[in-house]
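Use the sequences and the hints to build the structure in full.
Mapping of the sequence shown onto the working numbering: position 227 corresponds to residue 559, and the numbering continues sequentially without gaps.
Hints are not guaranteed to be accurate.
Said to hold, decoys possible - With a straight-line cut-off of 27 Å between C-alpha atoms, the simulated DSSO-like cross-links for lysine-lysine are: (1) 360 to 512; (2) 537 to 512; (3) 512 to 533; (4) 485 to 360; (5) 512 to 473; (6) 533 to 360; (7) 344 to 473; (8) 344 to 533; (9) 537 to 344.
Hints are computed from structural coordinates only; laboratory data are not their basis.
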Amino acid sequence: MVCDPRYGVPVKLLANRLALSAATATSKLEGRLAREADIRDAYHLTPPGEARGPDGDLLAFWREAVRLRTGGAGEIADLVGEHLAGEVGVWLDAGTERARTHGPLAGCAAMLRSVLEADDRAERVACLLSDIVLARASSWKTVLPISAQHLTKTALRDLAACGQGAEMAVQARILESIEKTIRLARDLARRAEALRAVAPKLRAKGSDAAVNLFLTEDAVAPTSMLSPRIRCTHIPMTDRAARRFCDRLVELGVARELTGRPTFRLYGL
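Here's what the structure looks like:
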């Protein structure tokens, strides 16, 4: 269901929403404990060309991950870094085979263990490769950042040490994340349908393109993503028009302001 357009799920939006959750989860696994709001701000509000810092870079990692092709070993190796790149193909083949013979959750757990045995600080890479195994086993075209959502440092440490019951505990946590993702997909499908229903009422120039942006991005900064041009288009929009457009979506009940701030606001479904 989660990657099937017949159910009306905005898959790119779902993937980007999960990327933020995965960034928050892996920040905890890596010992930084950044808040979701801080990670989101670091990525979306850093001016182009300036360093986003570790929090923004972590979200950038996961946003790049959801754009990977599940069969593109070269792309995957480039993202995980040089010190592990040489093993990626072998690990993915083994994890995919384990998923085929013992089920997707077993494949995910095997992948996590393989990476952490090689580098116990490579939590984000381990979770990413687990997500790729899950996507392959589920015949998804999009990599969804699911594995990290409910994992803990203790669970991963026990898994790498082959502790008793550790693999089943990790599988249970990933299953919990899958169930949560299905609920999120349903919720986003309803929200997307509501936005599409009010789209004809929006009379601002470029409103169709702006609506499409809200259907793909989990957070929209009006002054940089809608103005001076709507992202990925050549359609101009002034700062004032961008802010009014976002406020109009909030008035119609199809979007919300995410930060609670009077300035540097972000909006999303």
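Query raised in the report: For the pair supplied as a hint, residue 533 and residue 360, is the alpha-carbon distance within the 27 Å limit?
Result: 43 Å, violated
Query raised in the report: Quick one, are residue 344 and residue 533 close enough, alpha carbons at most 27 Å?
Result: 24 Å, holds
Requested in this report: Assess, step by step, whether the Cα of residue 344 is no farther than 27 Å from the Cα of residue 473, and give holds or violated.
Outcome: 11 Å, holds
Query raised in the report: residue 537 and residue 344: Cα distance at most 27 Å?
Result: 24 Å, holds
Report task. Would you mind confirming whether the straight-line C-alpha gap from residue 537 to residue 512 stays at or under 27 Å? Result -> Violated, at roughly 37 Å.
Query raised in the report: Between residue 512 and residue 533, does the CA-CA distance stay at or below 27 Å?
Result: 33 Å, violated
Query raised in the report: Is residue 485 close enough to residue 360, meaning Cα to Cα at most 27 Å?
Result: Cα-Cα ~8 Å, so holds.
Requested in this report: Please work out if residue 512 and residue 473 have their alpha carbons no farther apart than 27 Å.
Outcome: 20 Å, holds
Query raised in the report: Keeping to a limit of 27 Å between CA atoms, is the pair of residue 360 and residue 512 held or broken?
Result: 19 Å, holds
In terms of the numbered hints stated before, the structure departs from hints 2, 3 and 6, listed from lowest to highest.
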